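S.K.: Fit the two chains together into the complex; they arrive one by one in their own frames, and the hints show the way.
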Amino acid sequence: MATYTLMRSSLGLLHGLKCSFKSVGQIPYGAAAGAVTQVKGLQNARGYSVNHPSVQERIEKKRQAALTGGGQLRIAAQHKRGKLTARERLELLLDPDSFVEYDMFVEHRCSDFGMEADHNKYPGDSVVTGQGRINGRLVYVFSQDFTVFGGSLSGAHAQKICKIMDQAMMVGAPVIGLNDSGGARIQEGVESLAGYADIFLRNVMSSGVVPQISLIMGPCAGGAVYSPALTDFTFMVKDTSYLFITGPDVVKSVTNEDVSQEELGGAKTHTTVSGVAHRAFENDVDALLNLRDFFNFLPLSNKDPAPVTECHDPRDRLVPGLDTVVPFESTKAYDMLDIVHGIVDEREFFEIMPNYAKNIVVGFARMNGRTVGIVGNQPKVASGCLDINSSVKGARFVRFCDAFNIPIITFVDVPGFLPGTAQEYGGIIRHGAKLLYAFAEATVPKITVITRKAYGGAYDVMSSKHLRGDVNYAWPSAEVAVMGAKGAVQIIFRGKENQAEAEAEYVEKFANPFPAAVRGFVDDIIQPSTTRKRICRDLEVLASKKQTNPWKKHANIPL
Amino acid sequence: MAAYRSAAGFQRVLHAVKTFDKILIANRGEIACRVIKTCKKMGIKTVAVHSDVDSSAVHVKMADEAVCVGPAPTNKSYLNMDAIMNAIKQTGAQAVHPGYGFLSENKEFAKRLAAEGVSFIGPDTHAIQAMGDKIESKLIAKAAKVNTIPGYDGVVKDAEEAVKIAGEIGYPVMIKASAGGGGKGMRIAWNDEETREGFRFSSQEAASSFGDDRLLIEKFIDNPRHIEIQVLADKHGNALWLNERECSIQRRNQKVVEEAPSTFLDPDTRRAMGEQAVSLAKAVKYSSAGTVEFLVDSKKNFYFLEMNTRLQVEHPITECITGLDLVQQMIRIAMGYKLQHKQSDIPINGWAIESRVYAEDPYKSFGLPSIGRLSQYQEPLDLHNVRVDSGIEEGSDISIYYDPMISKLVTYGKTREEALKKMEEALDNYVIRGVTHNIPLLREIIVHPRFVSGDISTKFLPEVYPDGFKGHMLTAGERRELLATAAALYVAAQLRSQKFLGDLRVSVVPAESRQWELCVELDKGLHMLGVSRSGNNYTVEIDGEKVEVSGEWNLASALLPLTINGKHRTLQCLLRTAAGEITLQYLGTSFKLRVLSKLAASLSKHMPEKVPEDTSSILRSPMPGSVVAVSVKPGDNVAEGQEICVIEAMKMQNSMTAAKAAKVKSVHCKAGDTVGEGDLLVELE
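If you read the protein sequences in the order shown, they are chains D and Z.
The UniProt record's numbering puts the first sequence at residues 1 to 559.
The UniProt record's numbering puts the second sequence at residues 1 to 685.
Please note that a few of the clues may not be correct.
The calculated DSS-like cross-link candidates involving lysine-lysine, where the alpha carbons are at most 25 Å apart (straight line), are [what the hints assert, rightly or not]: (1) D:Lys238 / Z:Lys610; (2) Z:Lys610 / D:Lys332; (3) Z:Lys89 / Z:Lys61; (4) Z:Lys89 / D:Lys238.
Example chain D residues on the side facing chain Z (calculated, C-beta under 8 Å, incomplete) [what the hints assert, rightly or not]: (5) Glu88; (6) Asn135; (7) Leu300; (8) His312; (9) Asp316; (10) Gly321; (11) Leu322; (12) His341; (13) Gly369.
It should be emphasised that the hints constitute simulated quantities derived from the structure, not laboratory data.
Remember, it's a predicted structure, so these values are computed and weren't measured experimentally.
No residue lacks a Cβ here, since even glycine has one placed at the ideal position from N, Cα and C.
Isolated chain Z, as found in the complex (with noise of 0.2 Å):
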């Protein structure tokens, strides 16, 4: 950790400088106890707002004083300005930080704010109406001499204007919402059907998300790589970059691994992008922290594709290498300070990645998302060199109604490689319970060989998954590792198991076995396992390897720290039940085993198999969320691929399809209806 904070600055002894009294966080989550947290440092009282659900969030409690602001659903509570402005009143702030999201680009919100003689830590009205419209900030752009994408700069009235537009602009092209972000209102379109479609989707959801369903279309760069320029502006004419942020990693449009710097950028490359990025913040007066996104394309190409007039989601990895407090920055300038530094003060110390930890099951189109209760949650905060923002703790609900992030996990390192090997280290040491979560697939990220060796583009999953994520492909050592760690579990929780304390009338247990004869399952493969005991040493004979297996054995212990064949690992068990099931998190992703002796196991070919449920006639929703439309009634005929109905969760809309050609029997939902993963849609004959 010691790493991490002189390099990002936490520990730097602030400057006794006159700032706000009371800074309002008109956000929530991870962020808002982000920002919570520098106002500690800086001496600066802090206001929380949430909504009823929320009222004993992280958020909440750390903050010195809290307002509700309303109901559960955003736009009753986040998103409703006017209890937001009282609360203000009320708590006599002198300053708001909107965090990102939610009300952090609207210029309504800033405009109040700013009648109210409030400080709004951020840009101007005009600078986030300039950069908050992409059709203008794309005019600016060009007039700033940045790089552009080729496309159409006006607002698409409807589907046929689209396919005319789009036949021009060639394909494929891509359909965004004009008041969007965040991947929110997009869709990519590579013929005229896709594009009515792509249409109708994005105003939808522009609609819903933004409450603008303006769109506009553009060529869109195949295979390119996502690279953004952090910019920091005072309010004086001075603005600093500080350097890039690879985002390629994505999925749906929304990242999933960042990191910070690009193995990508040539340093000509970078400053060339960096001083783009500065003169487009000078243009609009741009003051505070800003991110200025392009895409880049294989031959170092760059394109502007939007400015972000907030403080990203990604922003900490900046910070571990820069050493800035970017949220004490933004404070800073929001009182009218000079930047404190010069463009050569802006180092680039070290490497840092972030992963961004999610409520989603990552087997289902690289994330769904999935609610719950943490029933159990421990960062791995005691490693060195890991931050994790995050703005829950063991006992929260990640609901349907907010982003089901977790956490950014950002591990630090002086070279990549040492904050590869620390992210591995630090997502095993993750425990995660109650909830389905992505780090199956954020372990195999980030030790895929062409994201080690940096060949990345923003379709890295789809090309690396074409299939969809199927977890971690074990290799034949890698198997035997996992066989041997449940066959040695198994041992250890038998042997405890036949301890009793205080007992006289238990018998003598019959000298300590220390040789078992076990079938483990796995896979459906069966395997017959030796296992010899030495203390808490184990050795497993599988198919004549031999595999060393010692550890703590620690049955409470949400984590196994172990030495397998002398190398080191976590793992951690998620299932241990008297029928001999074991389930393991072995190299991020979880693996179900079945551990019986030789003579269960012998038995258990007696038993009859369970027939499971003939999934293809009956649609369950994916995840939890509500209706938004049903296709179908009872005795319609319905072609294979057919949409039956949409779900939205999560404010992503996603369309539920027929699996095959049939005759829906029964519809078991209707349009607004709340439903839960698993729950019974449509039923076909």
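Same shape as in the complex, but just chain D (with noise of 0.2 Å):
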């Protein structure tokens, strides 16, 4: 319990964030309070404390409240803001009757400002927790309910959550959570501020456990926002969801920014211009249904192998499409997607942040039913080079496969990172790091085909055979040097009449796989039309693979 406490003071460290828990809390709170009232007084059909009913109608009764939340009229609220409600969710992203419900009793026990009044008492509180199956396979999940206080956390939501994430760490089995909250639950202060230390705390604990999945199909704001930062993966719904740590409200008063909700943290925002989402869907249902066939991909935890799948694509399937995909001139873009369509089994790539930081290209994919983890250079986008935002995004995702045992291919065509003083003024240089040290830490099995372009530093980052890549493969399209050839004899022949010359030399030297296939830096220079046939084969053979780091406690990566 030790770190338990000491993260729970380390909130203080989250003090200047009071406010705006505040404030989100307030405004819907203020708006539900007074609707839930009303409710109450028009059904005022519950009092069970009245006639002394038996047990079993009082179960019943409280079974009935749980089922309906906040009440008919917050739904049909629920619904014209065009969401579902906690409960349709769960029952649209769980197998049919599959889900088990934990907790459907419990209560706030707050008795400030008049919320230990009966009609303040909604059985199950603002959330929904429990466990159910996916496609058969088992998972815990979490629903804030917005029909009950806004979804305001309390203590005893917070605690609800903490159960089922308890469990699912010690029965291996991953965590998600679908967040629709207006912030802290404000009658109950500290009481909700330690809810949240305690969820992020488990998110913590279970980071690299079990796989942690966000879906914000909501309000997510204040300190709320760092229990979704801690998961493996945020999904935002398009319209109706927003991550902020302060509201525009605050953000007007404080630096007098005019700024929409939208704008500010909408799906939009977090998609394209922070990061913080990795992928955003059209709606509620969308949503749902594709979070269903996602998590498809993933292992149930850090104990259990890459799911494998029925697979109907042909494993030694040739694409005679690759071999004309690299364009002839070296300076022209391609698109990396074509390639990686083109090999994994049916076409099916689960692209991860595909409109953030697209000149690399993250996501999961099949080959031969196994899950791989797909990383790719992106010609098409500042012609694939590395700088911080790519390199950080790369990171974080080879990371979670490799916590997660799923086997990384990635493919290079990178002309190094990106120059000048942003990026320098920013750091790239240890944010390069990361994506460096994920691929050199990593012991997932390991293939790399160089499509193209490897220059420089970069060409070691993208898991090159230097940091243990297991297969590495060379197109005959592939370049492996230090630099392109412009560069390269503007040093070496400084002062020389004849640059042209010199640049034809150095072309027909290092502009191709030899220098690095002689030195058995690439393993083997393949027809790019039988990559899928090679990549299937290799990791067959690598399903066994056993690769250890040294103990430590944790590693220190350069954050």
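M.R.: Structure, rendered in structure tokens:
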């Protein structure tokens, strides 16, 4: 428990956020409270304390009350916003009849500000928790109920979430959180803050043990945002979800910026500008169905192998289109996704962060049914160079794959790190180091294909042989060198009259896969059309790969 | 295939006669490949020429040698005579086959070859010149007693003279480039205003396509058929006619579907046309393969249109019904051999149909060019009696630089009905992904009752689809088939996604549910379906009617061969997403469906409607191309239908007009810009 207390006290660090907790909590709650009172006034038929009904009846009544959450009016309001209720969401996410609910009878324990009143108690409080199955595989879930006090987080609410997280970690199953909450339960004060920290701690303890996914389906603001931020993947629903530390009103009062919720923390902002969210979906239904699909890529825990599904795509399929995908001129762009789609099973690629740092492509796919992580430089965007954002995006993805036994396939066409003051001042050195670190420490099967350029330090970084790449291939179009011909010639042959001739000599010597191949830095030079066939074969061989890093308390990645 | 091969003579043992050792093919794409194939059979070495972007094209790979003749734009590569002459010298090619288009009817090129002692596999310069000029060709045709169209036999100076002449001939008139062909630089005018506009466009197009802006005007024959006669003539004064090709199905004067023979001609008309064609060929001392095009009116009066002094795009259908290999004949003739056949040797064996498969969007003006990379490509070659002439493969790029034709799909049968049935099957089994293509239109044309009965004219498309092509219109039964297929596919995919191999932690999947209630959306209509399954057979109940669908359900395959209510159908699944969207190509047209569980469907009603962009105030490029002219600037007031800018794509100029009267808010392009499909051109207020 030592760490636990430590974490709680460290919440002092979040002191500066307090005002935001309040402000965000207040807005929806104020509205909610009004509506709720009204509803209860209308119903008023609850009165189970009056006639001393049997326990059985009371159980039934409580269950019914839990199932309706904040009541029909609040549910209608939720629907009107284009959002589903907490329970509808779980019904859609999980296999039919597979949901096992926990803590349906838990109620909040607050007695201040009239909260102890009967009409302010909701069985289950503002979150639905439990476990269920997605395509037959176990998953723990919580779904915040916006119809109850705006989904605000009470001590009881946090306790329910913690319970399922603890069990998920014990049995080794992923946790999916469906976030739709106005923020802290202000009436509960520090109890609510403690609840956040309890969740944060569990997010951290579970990290790398079981996959954790957050789907933001409504507001998520203030300290609450740190739970999704600590999970492995954060998805959002377009137009109806927001993530921010402080809302537009506080922003206005502090920095005098006028900004809308959508601009400040909508799905577009976080999937294109901030890189906070990994993907956005059209609406609740779309998001939940996609989440089911995504879940099939993930192993249940770090003790489980990457899942293998039935595959109809022949493992030895040749991909003739790959022989012509890399353009003749080495300066011309092409779409790395053409290569990825061509190679993976059934052209199915679940891209992570498709609209952020587009110069690197990351995502999940399958090879002969087995989940793999794909990393590829994208020549179509900024020539596929590595910069701060793409390094961080790549690093986090590689570390996820490594943590969960997912083999990594890397496609390399990288001209180097992006130069310039913006990058240097931003710390490209330490951020670039993250990707290097991630590839170097990874012990899962690593297969690398150099499709064209692999220049300079970026060559080393991109899962090279030197970072324990298991199988490293070069296509005939590969150029592994310190730099491009023009730059190199200016250094090696400075002052030489015939630069063109020198350039031609350099190209002849270095702009091909041979220098790397003769040294064994690539294992083979392969015909592009055979890439799928070879990777499938290699993955089969590498399935039994065992590699361990030296014992350490934990490593120290340059953050 | 066997029938076609024996019919077309491809399998025939070629006589060991002396021919050229090496031929250079001054072309690209399918026709270059076509010529190389015959060369290989004749034991002739081949040289391909190519632009830099074509360096890994199929024709380059097929040829024994290849020479790069310049950058992508055709005037710097495939029309670059200096570079091609150098390639000939460099490789020692003894002859040049020009294919069609490019330098095939360029007398200058033929002259230069002659000067170097290189054989031109085509007619003499004299014939090219005589027939290449529409005015001169008409005079020669008249003299050779060939029926001609009334019109003005001279070059038109300017728009006003055009109006005057048009008035004398009487509307409607056709304004066309003197040097032209292939529908480029051609406009029809019904009044003075259209004549002026047509004159302007045609001369611009003629200048950019042929470097010659001379125009002529003639009477436009309303509702005609376009029927052409293939001729073959040697250098010894012998000439044959190889029957006709019916090419009436056209859009913007470019052919889409051709067939041989024509349903319309009786033996007498055929012979009369053939004999006139031969007499014209003889009149210009024609040698090699050539085509005499006629317009045929409803009373079977036929008028000479023009003579194409080259191998035609649609030559394969003639090969199918006559059993001749026209490229082989052209090579023999160029070597100086006499014709092998007499007129009585030329048969009409069976029926052949050709569909031109284009990378274009048939929903826009029956086909506006599209570009892209063929991410998946599979020709229906495992079917019998199907021939595909193409010059591309999976991974090829369809670029803005060249003709957007993907292939010529030819089917052959003993009867027309058989050939048409085969065409349906071939189109259904043709896999093209990555570019928009015109298979939906082709598939509709060949089953249209008017086409099937042979009741066609060059106005077929605008008459049959007066409001533009909208894709296949589903009958109630077809709709049920489509819905049932989508539902069955959805269930098959769902069941598979529950199959994890060797994973002990997956709970025993609840005794595989055998009943599903689904909601399928198609064209905004919602249908509740009940699905039950037994093995690979699905029974889908829709509005009380049962549809049986069975198949292998290979979810990785581009093709879905199914048996639906006992009938064999091949569908294609173009898209299948986690959110239940399924796009199926059915009867050629792609239909977007959405399959949801009953629960997901009922919850979907709460989902907010996304507001689509208002398209009346923005003008986007309907296709990739380059901006030729922008006629407005910000602040201008435009009337509805007023020209805003002109986009040129694949050498066709397209006028973009305002969808409403408004003030121009901003202009996002300028003359000379290259634009992609969907790029914003102009915003209106």
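S.K.: A separate judgement is required for each hint: does it hold in the structure or not?
M.R.: How the hints compare with the structure:
no., hint, verdict
1, D:Lys238 / Z:Lys610, "holds, 10 Å"
2, Z:Lys610 / D:Lys332, "violated, 37 Å"
3, Z:Lys89 / Z:Lys61, "holds, 21 Å"
4, Z:Lys89 / D:Lys238, "violated, 64 Å"
5, Glu88, "holds, 6 Å"
6, Asn135, "holds, 5 Å"
7, Leu300, "holds, 6 Å"
8, His312, "holds, 4 Å"
9, Asp316, "violated, 13 Å"
10, Gly321, "holds, 3 Å"
11, Leu322, "holds, 7 Å"
12, His341, "holds, 7 Å"
13, Gly369, "holds, 7 Å"
Taken one by one, the earlier hints fail for this structure at numbers 2, 4, 9, listed in ascending order.
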